[in-house]
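Trainee: Single-letter residue listing:
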Amino acid sequence: MSASGQIYGLLAEFDAPAPFVHATEQTREAGYTRIDALSPFPVPGLDEALRLPPNRVPLIFLLGGIFGGLSGFFMQVYSCTYSYPINVGGRPLYSWPAFIPITFELTILGAGLAGAFGMLALNRLPMPYHSLFNCPRFDLASQDRFFLLIESADARFELQQTREFLQSLGALSISEVPK
Amino acid sequence: METSSSQSRPQRSAHYWKSLEQWSNTPEFRRLVQDEFPPGATDPDDGPTRRTFLKTLAASMALASLTGCKRKISETIVPYVRQPAEMTPGRPLYFATSMTLSGYAQGVIATSREGRPIKLDGNPDHPANLGSSDAFLQATLLDLYDPDRSQTVTRAGVISDWDTFVGVIRPRLAGKAKDGSGLAILTETVTSPTLLSQIRNLKSKFPGAVWFTHDPMSRRNIRDGLRDATGREILPRFDFSKAAVILSLDCDFLFDEPGHSRYARDFLDGRRIRAGTERMNRLYVVESTHTITGTMADHRWPMRPSQFAATAATLLEAVSNPSAAQGWIKAVADDLLANKQRSLVLAGANQPPAVHAAVHHINDVLGNIDKTVLYSAPVEGDPDGSLADLMGKMNSGGVDTLFIVGTNPCYTAHVDLSFDSALEAFSKQIDKNLTVRLGLYDDETSFKCQWHLPQTHFLEEWSDARAYDGTISTVQPLIAPLYASRSAVELMDLLLTGYLRPGQEILREFWAEQHGQPDFESIWRRSLEKGIWLGKSSAAPPATQVSPRTSAKPAATGAFELVFRADPCIWDGVYCNNAFLQELAKPLTKLTWDNAALISANSAKKLGASNGDMLQITAGDQSLQIPAWILPGVPDDTVTLHLGYGRWRAGSVGTGVGFNVYKLRTSEHPWFFPGAEVRRIEGTYFLVATHTHQTIDQRREGLLDSDVIQHPGEDKIDNRNLVRVGTLRQFVDDPQFVKKLDEPEKRHHLTLYAGYDAIYKNNFAWGMSIDMQSCIGCNACILACQTENNIPVVGKEQVSLGREMHWIRVDTYYEGDPESPTATFHQPVPCQQCENAPCELVCPVGATVHDNEGLNEMVFNRCVGTRYCSNNCPYKVRRFNFLQYADRTTETLKLMRNPEVTVRSRGVMEKCSYCIQRIVATRIDMEILQVRMDEQARSATGPDQAAAIQKQSAELRQKMLDNLQTACQQACPTQAIVFGNLNASHDPIHEISPQHLSEVAQLKRQPLNYSLLPDLTTQPRTTYLARIQNPSPAVGEEKFRT
Amino acid sequence: MTTPATEIDVSRGSDVLAAGYDYAAVTEKISSVVLLRKSGRAWRFGFTVSVLLVMILTCAVSYLFLRGVGIWGIDIPVAWGFAIVNFVWWIGIGHAGTFISAMLFLMFQDWRTSINRFAEAMTLFAVACAGMFPLLHLGRPWEFFWLLPYPNTMWLWPQFRSPLVWDVFAVSTYGIISLVFWFVGLIPDLATLRDRAQSYPARVAYGILALGWRGSARHWNRYRTAYLLLAGLAAPLVVSVHSVVGMDFAAAQLPGWHSTIFPPYFVAGAIFSGFAMVLTLAIPLRWAYGLQDFITIRHLENCAKLMLVTGLIVAYGYGAEAFYGWLSGNEFDMYMNVNRALGRYRIEYWMLIFCNVLTPQLLWFRAVRRNVGLLLLISLVIQVGMWTERFVIIITSLQRDFLPSSWGMYYPTRWDWATLFGSVGLFVFCFLLFVRFLPAISMAEMRELVHEQSRGPGKEAA
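Protein chains in written order, with the working numbering: chain B, 12 to 190; chain H, 98 to 1139; chain Y, 385 to 846.
Heads up, some of the hints might be wrong.
Restraint ranges, calculated between C-beta atoms of paired labels, are given here [stated by the list, open to error]:
| id | chain 1 | residue 1 | chain 2 | residue 2 | range |
| --- | --- | --- | --- | --- | --- |
| 1 | Y | Val756 | B | Pro55 | 31 to 39 Å |
| 2 | B | Ile77 | Y | Ile697 | 28 to 36 Å |
| 3 | H | Ile856 | Y | Leu742 | 54 to 62 Å |
Computed footprint of chain B on chain Y, listed as stretches where at least three residues anywhere in the stretch have a Cβ under 8 Å from a Cβ of chain B [as the list claims (entries may be wrong)]:
| id | segment |
| --- | --- |
| 4 | 396-408 |
| 5 | 574-583 |
| 6 | 596-602 |
I should point out that these hints are in silico values taken from the structure, not numbers from a laboratory.
A virtual CB, placed ideally from N, CA and C, is assigned to each residue, including glycine.
In isolation and in its complexed conformation, chain B is listed as follows:
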């Protein structure tokens, strides 16, 4: 018990997607909740294995786009008809067809920026420090190895049992992640 206070969690290493996905599924079914699966590329089936809820990124894109578009259009209408109404080439002040291109561009800009930064925010990125980086093996997570993490904060976490459980899943190696 005392040890479990010192560490962040246990990290099981796999070298192929299939056993990795399989193991993840097992772990979740075993009742662990605070687990994470870390891989060098998005492994198909992992989302299902973790039962991830649908993310809210698309919504952010939508809102950003709407905001960008509206603000773009009304900026032009405001400036041309109210703030700075002036006869340009005999064209009407409210010449909306001419406002379309900018409206369109600003829609894209709004959506893109909101979406990209929204995604990072939801991912809590940038995150300069994370306990995982204390684990030397973890460097491989960005290259060719797949890791399954069970946090010590998990209710069912018990250092010895969990380690054995992970071994039973056929992990190549199991390392403790210091806090």
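Dock chains H and Y against chain B, hints included.
Mentor: Positioned in the frame of chain B, the structure of chains H and Y alone reads:
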């Protein structure tokens, strides 16, 4: 200039301007300042408002410039009182004065801001131009401020001063007191009564003294010819207003005759086509080159110079005995005879006396004398001889003291005289001879004289001169001399009295004596106001007999013939250092910064030369290398050479520019050379023209010219409809033919938008009408615009890149093939002020936008220089400051600028603004007046008096509105350009007389009215009136069809 | 049941990825270019040349700011010169990058994987070069910000009806979105580099850029959504940008500009020249770093096919322009076409016909498409051709418009040329730096590719 001003600072004083101070302190003036804004408009007590600040600023500027004056003189110059009396500092003053060209006067109204002349225009009261201008009148302002002007007295190139000179000249003259032999004066043509009387007095004081004149543009041939014909010493002038049929034998009366501005006006008044017009005068031109007069002709025949004498003789026969004649001569003769007493035949001053004699007889037969041809004693004084006679005396030792006033013989003298070396040798004998030159510049002649005295510009001096019709015109200074310079009158007076007296004193003395009445003061004042001497004066000096000059020998033929002409831009070379005129595109050739050998397309083929190829021209034992330029309409086998270029001491602008044609000009053949040899030699020269599309080395372009010109009934698909031309008969048959050349009018108004008509209806609606019938292509408008709007000069290299800055240009289109063009058309193109302006739509920063009066406004300070507007301008009237063109360093040029117009920086687009500064000034004046009159109306005793005041107010404001002119319009000698308010309902007079229409509004309703590129639906506010020609049925109309 | 740890995915080899690559090998090969390998002689030579060109550019720009745009050959009537030609050309080149990474991604084209990274980089640098020119082009460049809507005491605004303002928004949006798209794609690879880098500074630098990426499943989940949507945005953006550029001309009423065909055929032309540039970059790249296994003949061949297609569209554009000119019966349009083909700039016109219409026809032949050297040559010819096209469109239309009196010519000065070649130098300069410091091929996506290719039928993870 810096040094000279610092030298002269101690001796400055405010005397010269005291009068202005006094004037600006008159109770009347103070009342006006008080009244400028009625109670309520501004509260005088709430501290210095912006306006009061500006007023103080202007006043202090005026004061500052007071101290700028240099000479210790105290004299009054008289404001021209056309302006209403409400004058405040910061507002322009107008003064009448006169300028001379080869001695002949033109009336000038000078606009003066804070004591600096910034604009010159014609004097409406002066018969020589009736308020219009020519290019020289507009551009000579730059001469006044030219930093290259000589600034100090020099002796053998070493700086000296007037006192030293006086110290030298006094004993010399004292020595001549008894007979005065050896004293000689050389001037240009003199018409100034004062100067002539001074010369007379000088000759009576020094009996041996002799006076010679030298003028490269001498009108001697005319006098000789008429003397042979009539035995009288006379010169002709012409009354075109009475002439129905005109035949010009090589007479460019729209350009180089004295009084050409007046001639142009009268001539065009006889040609204006309005609804219902059924007759116009007819002009036949036979000429040895292609001139702007030729472009106005209804029938034009290029002719080699050698044939004019014969032609004149044949014509004389034809008119005396019509049955004998044949060919076009018969047609012309019949036409002339059919219009006895209403016809006019004239010959150019360059034609030999024989031709002038013949022309006299022709006019005599036609009974034109005293009807359209008016003879009078020569306006110019008669010297004791010409340059040749002077040189005779110089070589024989008959002269030891020589004064050269103004004229520049070392450059302009006939080459066979080799005056240059003669004068040099003469000046070298220091112990014996004294040579003095009074000149505006330290030029070729001054260089060969011992003394150089700086001469005043006419805007700095008191003088007088006679106009082409003898009108005595006064010259009063607009500004104290910028440098230590003196006028010719003052120099003559020095010779007479031995003292340096102020010019005004001399003038007053002379005219007081001439007038001899007690009321001299008031007459003098009124004369200065008008710019014309109104008092009595003894008639022009009796003409002394002068030995007839040997007329040119019968000309050889075969080889090329040379034609020497004054340059259309720099005259005989006097304006060589004037950058405005150098950069001005010459009529027809559109050449700038150079002269060239103008040859016809056929001659070019014969010589195997194209534009810019060097030619070797050998005339007798003289020869010259000069590049060729193909000018359609020049007779074959002749070469037209413009004088005035190739100077070697003109100044920083003019030195070394162009080719010196004087090298070929001999006293025997001053105007034409019969048998010259011309051949193409190695090498080409870089000639720059502002538009070159009619050169023949690109066929397609050469042909395209006729594609821009459209005649009735033609619907060529590739026709650009830019120039619409018809004959008088076509117009009478179908007055609406021009409209029919258009697409159906309504199509141009198809739009989805409401537009701004509602707004335009409730404001002034500025518009312009340009009459292609009247435009003679004289370029006056271009320079008027340039001085009014501070337009920079960019130099030959930039012009060659197509970067000239003129806001208005005169496009020239030829009809027919380059070998023998059948007609030539001028089309002035300023900004068209489109109501649906394409330029505005594409400007990303809104630097060019529309105002409620329909002006397409250019906001210099907002422009970032994307140049998109220029790309999208179908008329290409926008000009861009590709580099820093405006001169921001030269002090004197700063003085010249119009303070109402921004000086543009690099990277900014600019264009014609309809002279918006003038529009605004007028609008403000009208508003002030209205407010004031309303004030009076309120305080009126009864309703009918109030009504009367309102009526008067409306009329006054209408007058202000009608007086509003753009610079180009004001300058135009033929009133081809008319600007004004199109919106009758917004004329102040409208309530009183609803049917009132401004002139421009009437013109827009004329049947000949059309706009450029109407299909683009830009709705230009500038429109054109089609050109109507009046060909003689006898000669045939074919050549007026393509 | 447990899977034996010995079994590791290995690519079975296909026309987009050679056989025998597992995750480690892919990662190693690509990252080593950045981390281990020395900059080769070829790289150093290229870098030297590009630096020299950048210096020339610096001189040209300094002198430009000193004297004004008058140092160029522009005049009235030809008020637009090289600056705009180069602008349109560079913008066009950029388009292929976005097209590859966005369009092909949406269409699940597996062959995009190994070329999209440097294609996107190419886009960025091209947009950077392009974005430079409108600024240099201004008469008063120091006032460029007047084209942007910003609060100012005069309450002045840009004139939103002007296509140039549309340009400002389109190009800046394009630049920003491309950058974001590119960077988001880079994050996992940056993490890889962070974890593989030997030197401490490299670890820190890549570490900061990687934003602490851990490859967590939850991250991947949101990441993929965002990437997909960004691609979905970039696709219409790439079309809009060059349409707007096309409208710079279509919105004017100049004969030769005022034509509805412009937006579509500008876009086609853009992708046309863009793929030419992709090939120009890919062929030396795969040669210099031995990436033939990743950038295979199939990649090159597909690019060639796309060039052929877009080239045909462009050719149609030329044809349509001439045809409508004739059909309109409008004297100005008709003369404009005559003037292009027979006027003073006929040489340029026929040169562009040769480069853009005739040359691409070679690509009908499979042999040509698979001949790397020939492909490189053709792509270079096409880029010259596309530059000439912009030159002809801009110059010949301005040179002779409505009033013959104001016709003129345009002769580029040495400063025009210096700026053009200088911008090429700047582009190469940036690209070479990119190759040295960032993975030119997306490692994460390559690993994905390995995974997909290694999976045979019935080998699904249970």
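Trainee: Next step is simple, just say for each hint if it's right about the structure.
Mentor: Now the hints, each set against the structure:
1. Y:Val756 <-> B:Pro55: 31 to 39 Å: holds (35 Å)
2. B:Ile77 <-> Y:Ile697: 28 to 36 Å: With Cβ atoms ~34 Å apart, the hint holds.
3. H:Ile856 <-> Y:Leu742: 54 to 62 Å: holds (55 Å)
4. 396-408: Result for this restraint: holds, n = 3.
5. 574-583: holds (count 5)
6. 596-602: holds (count 7)
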